[in-house]
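Engineer: For what it's worth, the working numbering labels the leading residue of the sequence shown as 19, then goes sequentially.
Bear in mind the hints are in silico, worked out from the structure with no lab data behind them. There's no promise every hint is true.
Claimed, not checked - Taking lysine-lysine and the DSS-like style, the derived pairs with C-alpha atoms no more than 25 Å apart in a straight line are:
id, residue 1, residue 2
1, K83, K49
2, K83, K185
3, K49, K201
4, K35, K201
5, K76, K145
6, K201, K83
7, K145, K201
8, K49, K35
9, K185, K145
10, K185, K201
11, K198, K185
12, K145, K35
13, K76, K49
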Amino acid sequence: MMHSEQPCAQQLEDLQKEYEEFAYIVSHDLKAPLRAISNLSAWIAEDLGDDLSPDVEKNIQLLQKRADRMERMINGLLEFSRVPRFDLEVREVNVTQLVQQASDRVRQNHALEIHASSLPTLTTYGKKLETVFFHLLQNAATYTQHENPQVWISATEEENAFLFQVKDNGMGMKEETLDKVFKMFYSAQAKDQHDGLGVGLSLVKKIVQFAGGTISVTSTLGAGTEFQFFWPKTVQ
19 MMHSEQPCAQ QLEDLQKEYE EFAYIVSHDL KAPLRAISNL SAWIAEDLGD
69 DLSPDVEKNI QLLQKRADRM ERMINGLLEF SRVPRFDLEV REVNVTQLVQ
119 QASDRVRQNH ALEIHASSLP TLTTYGKKLE TVFFHLLQNA ATYTQHENPQ
169 VWISATEEEN AFLFQVKDNG MGMKEETLDK VFKMFYSAQA KDQHDGLGVG
219 LSLVKKIVQF AGGTISVTST LGAGTEFQFF WPKTVQ
């Protein structure tokens with residue numbers, strides 16, 4: 019008599035490896051034809067020169083923008099698949115300095131004021147933790163209509179982990195969207211209203227889970243968003 023069984027740990031590990039290899043291969047193999055499309059559209063526009071009608075010019079620009087967006091989506095998928103493979107160096111991390119580094123990157127393109135307090139020093143995946151803060155800060159800086167975008171970051175020490183809280187004064191989200199924000203390529207805003215890809219938060223969740231932690235979000239429309247994530251004191 020046949021019966022179903024829960025997959026064993028080895029099967030789950032094999033499935034995970036297959037997925038990672040699939041995402042990595044797809045990401046690389048899709049880039050070549052996508053770049054060809056972008057290059058060909060540019061060459062067509064160049065060949066037509068002054069004979070390019072406004073409608074054709076608009077369509078070519080739209081094609082190039084779509085190709086650029088698709089390439090950035092592929093890069094996001096590639097970065098997602100690399101989480102278990104890359105940035106595995108474990109080192110002592112001063113989280114205050116790490117947040118400063120992440121915020122400096124965000125402020126290259128956005129205005130953002132950071133308020134950080136009670137942040138610890140721990141030995142962990144430094145680059146991965148910085149990536150988590152970068153995308154949370156980038157999210158706060160992108161989805162705001164406030165004249166003075168601000169983020170408050172704090173940490174509480176638990177028995178085996180630190181609970182980090184990242185709160186902003188942005189536009190917030192509807193309650194029904196909160197269970198979707200960590201999904202790949204999902205965005206609460208219409209795609210024609212912003213240039214985001216909906217990759218950052220899914221990557222954040224993937225990294226936090228890889229480190230052995232959990233993440234959650236609360237938000238009120240028009241009153242900001244708060245992310246809370248547990249980050250283990252010791253790496254797995």
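Engineer: Does the alpha-carbon distance linking K201 and K83 stay inside the 25 Å limit?
Structural biologist: Satisfied, since the Cα-Cα distance of roughly 23 Å is no more than 25 Å.
Engineer: For a C-alpha distance cap of 25 Å, please report whether K49 and K201 respect it.
Structural biologist: Given that 25 Å is the threshold and the Cα spacing comes to 23 Å, the pair holds.
Engineer: Against the 25 Å threshold, does the CA-CA distance of K185 and K145 hold or violate the hint?
Structural biologist: At roughly 21 Å apart (the allowed maximum being 25 Å), K145 and K185 satisfy the hint.
Engineer: Hey, K49 versus K35, does the alpha-carbon distance stay inside 25 Å?
Structural biologist: The given pair, whose Cα atoms are some 22 Å apart, holds under the 25 Å limit.
Engineer: Is the straight-line distance between the alpha-carbon of K83 and that of K49 25 Å or less?
Structural biologist: 15 Å, holds
Engineer: Checking one constraint from the list: CA of K145 to CA of K201, max 25 Å. Satisfied?
Structural biologist: 22 Å, holds
Engineer: Would you check the hint for K76 and K49, treating anything up to 25 Å between C-alpha atoms as holding?
Structural biologist: The hint holds at about 24 Å.
Engineer: Given the hint that K185 pairs with K201, does the C-alpha gap stay at or below 25 Å?
Structural biologist: This hinted pair holds, its Cα atoms lying about 20 Å apart.
Engineer: Has the given pair, K35 with K201, been kept, meaning a C-alpha gap of at most 25 Å?
Structural biologist: Holds, at about 20 Å.
Engineer: Holds or violated: K145 with K35, Cα cutoff 25 Å?
Structural biologist: It holds: about 22 Å lies between the C-alpha atoms, which stays within 25 Å.
Engineer: Does K185 sit within 25 Å of K83, going by the straight-line distance between their CA atoms?
Structural biologist: 32 Å, violated
Engineer: Hint check: K76 vs K145, CA-CA at most 25 Å. Holds or violated?
Structural biologist: 41 Å, violated
Comparing the model with each earlier hint shows violations of hints 2 and 5; every other hint is respected.
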